[in-house]
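**Q** Read off the chains here:
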Amino acid sequence: MIRLIDVQNNYLAIDFFLTMTCNKDCHYCTSYTLEQRNLTVDMEFLNRTLYYLRDYKVRCNLLGGEPGLVKNLDEVVAAIKSNPNHVCEVLSNSTVRRRYPQILKDPDIIYVEHMILDFYDHEITLLGNPNYEYHDANDMNNYNLVIKTPNFEKYKHLYPEAMAKLDNKNTLWKEFNGRAPNFGEIQITKQAAEIDRKMCAAFPMVPVINFENQNLVHCSKKFANNAITSKEFEITQESIDKMMTFKLFKYESYCETCTEYVQPKGHFNIKKYASILNE
Amino acid sequence: MIIDTVSDKLVVVDDMGNMIPWGDEAVIQLYHSMKELLGDINIIQETEEVEPIYSYIVEKIYTMPDYIKWNDVPFKDEPKRKLAIAFNKFIYDKIN
Chain U
0 MIRLIDVQNN YLAIDFFLTM TCNKDCHYCT SYTLEQRNLT VDMEFLNRTL
50 YYLRDYKVRC NLLGGEPGLV KNLDEVVAAI KSNPNHVCEV LSNSTVRRRY
100 PQILKDPDII YVEHMILDFY DHEITLLGNP NYEYHDANDM NNYNLVIKTP
150 NFEKYKHLYP EAMAKLDNKN TLWKEFNGRA PNFGEIQITK QAAEIDRKMC
200 AAFPMVPVIN FENQNLVHCS KKFANNAITS KEFEITQESI DKMMTFKLFK
250 YESYCETCTE YVQPKGHFNI KKYASILNE
Chain X
0 MIIDTVSDKL VVVDDMGNMI PWGDEAVIQL YHSMKELLGD INIIQETEEV
50 EPIYSYIVEK IYTMPDYIKW NDVPFKDEPK RKLAIAFNKF IYDKIN
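Protein chains in written order, with numbering that gives the first Met the number 0: chain U, 0 to 278; chain X, 0 to 95.
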C-alpha cells in the first residue's frame with residue numbers, strides 16, 4: 000500500500016484538470032463551470048500523456064471541476080495505476096464517494112475529499128452530502144481536506160465537535176491560497192520570499208494538464224487568474240522532459256506578484272530536490 | 000579579484016595579491032553549509048552554465064541556512080558538481 004508521506008517526499012505532483020464542469024460553485028474557486036462539458040476523458044490523449052511521463056515518479060491528481068462527474072473515471076484511474084511510477088490521487092467534493100465508491104476502497108488511490116465549503120457563525124456549510132461523515136483515521140488513504148479560509152480562522156472555535164472529528168491523521172489542512180477574485184482584500188498570509196517564488200517558478204507545487212485544451216500550464220493559479228497571458232505548452236515528450244527536470248518554466252512577471260502560499264521551510268524541501276535531481 | 004580559502008576561511012585576493020578575509024557572515028555561513036552538503040569545494044571562477052534550479056537551491060541555503068538540515072538524501076555526483084558551480088557563481092557575483 001502506498002504511504003502519503005512517501006509520495007509527498009519523492010513524487011512530483013501534476014494536476015489533471017479532467018473537466019471544468021462542477022456541480023458546486025465555491026466562492027474561492029475559479030476553476031469550474033456549471034456547463035456540462037468534456038465529461039468523457041479522451042483516452043488517447045490521456046494514454047499519450049502518461050506515456051510521456053512513464054519514466055517519472057508522478058502523483059497524478061485528478062480534479063477539475065469535479066472528477067466524480069467524469070463518465071469514464073474508472074478507465075482513467077486504471078490507466079494511471081497501470082504504471083508503478085504513477086500514483087493516482089482523486090480530489091472530490093464527495094461526488095466520487097457517491098458515484099465511484101470503489102475508489103475509496105482502494106488503498107492504492109489517494110482519495111481526498113473537499114467536503115467543507117466554509118465556516119460561518121451559525122453553521123459549517125458543506126459541499127457534499129450532509130449525511131456523509133468526515134473520514135476518521137484510516138489506512139485506506141481516504142482524507143478530509145479543509146481549507147483554512149478567513150472564516151475558518153474566525154469561527155472554528157464555535158465547532159469543537161466537528162474540529163474533534165477532523166483532528167486525526169487523515170485530515171489535510173490547506174492554507175487559503177487566494178484564487179478568489181477578491182483575494183487581495185482578504186489575504187491572510189504574506190507573499191512568499193522571492194527565492195521561494197523562483198523555486199516555485201522552476202516547478203510549482205502542481206503544474207496543470209488541461210484536458211479540455213489538451214495543453215500544459217505552469218500552475219492552477221495562473222490557469223485560473225491569468226489564463227490569457229499564461230504561457231501554454233503543447234504536450235510533447237520534449238516539454239514533459241523539460242518540465243520534469245526543472246527546465247521548462249521560467250520566472251516571469253506574473254511570479255513577481257503571485258501570492259500563492261509557500262510553507263516557511265521553502266517551496267519543496269531539499270530532500271525532494273535531491274531525490275529528483277539524483278534520478 | 001579572486002576568491003580562495005586559507006585555513007578553511009574564505010579570502011578575497013585583490014589585484015595586488017593582498018588577501019582580505021571575507022567579512023560577510025552570511026556568505027561564510029553559506030560556504031560552510033555548502034561544504035556540509037557537498038564535501039570539499041574547489042573555489043574557482045566558473046564559466047559553465049547550469050540550470051537555474053541549482054542557483055535557486057544555493058540562494059535558498061544562503062537565505063535560510065537551516066534549509067540543509069532537512070536533507071537525509073545525499074546528492075549524487077552530477078547534481079553535486081552543478082551545485083558547486085552554482086555556489087561559485089553565487090560568491091563571485093557577490094564580489095563583482
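By construction, these hints were calculated from the structure, which means they are not laboratory data. One or more hints might be untrue.
[To be verified] List time: in silico DSSO-like cross-link candidates among lysine-lysine, alpha-carbon distance up to 30 Å:
no., chain 1, residue 1, chain 2, residue 2
1, X, Lys8, U, Lys249
2, X, Lys75, U, Lys246
3, U, Lys23, X, Lys81
4, U, Lys249, U, Lys168
5, X, Lys68, U, Lys230
6, U, Lys246, X, Lys81
7, X, Lys79, U, Lys80
8, X, Lys8, U, Lys56
9, X, Lys79, U, Lys197
10, X, Lys8, U, Lys173
**Q** So, for every hint listed, does it hold in this structure?
**A** Hint-by-hint comparison with the structure:
For the hint linking Lys8 of chain X to Lys249 of chain U, the alpha-carbon distance of about 35 Å lies beyond 30 Å, and the restraint is violated. Only pairs whose Cα atoms come within 30 Å are accepted, and Lys75 of chain X paired with Lys246 of chain U is accepted, the gap being roughly 19 Å. Taking the CA atoms of Lys23 of chain U and Lys81 of chain X, the gap is about 47 Å. The hint is violated against a cut of 30 Å. At roughly 36 Å between alpha-carbon atoms, Lys249 of chain U and Lys168 of chain U are farther apart than 30 Å, so this suggested pair is violated.
Taking the CA atoms of Lys68 of chain X and Lys230 of chain U, the gap is about 35 Å. The hint is violated against a cut of 30 Å. Between the alpha carbons of Lys246 of chain U and Lys81 of chain X the distance comes to roughly 14 Å, so the proposed pair stays at or under 30 Å and holds. For the hint linking Lys79 of chain X to Lys80 of chain U, the alpha-carbon distance of about 33 Å lies beyond 30 Å, and the restraint is violated. Straight-line distance between C-alpha atoms of Lys8 of chain X and Lys56 of chain U comes to about 41 Å, which puts the hinted pair past the 30 Å bound.
For the given pair, Lys79 of chain X sits about 20 Å from Lys197 of chain U by alpha-carbon distance, which is consistent with the 30 Å threshold. Of the supplied pair hints, the one linking Lys8 of chain X and Lys173 of chain U is violated, its CA atoms being roughly 44 Å apart against a limit of 30 Å.
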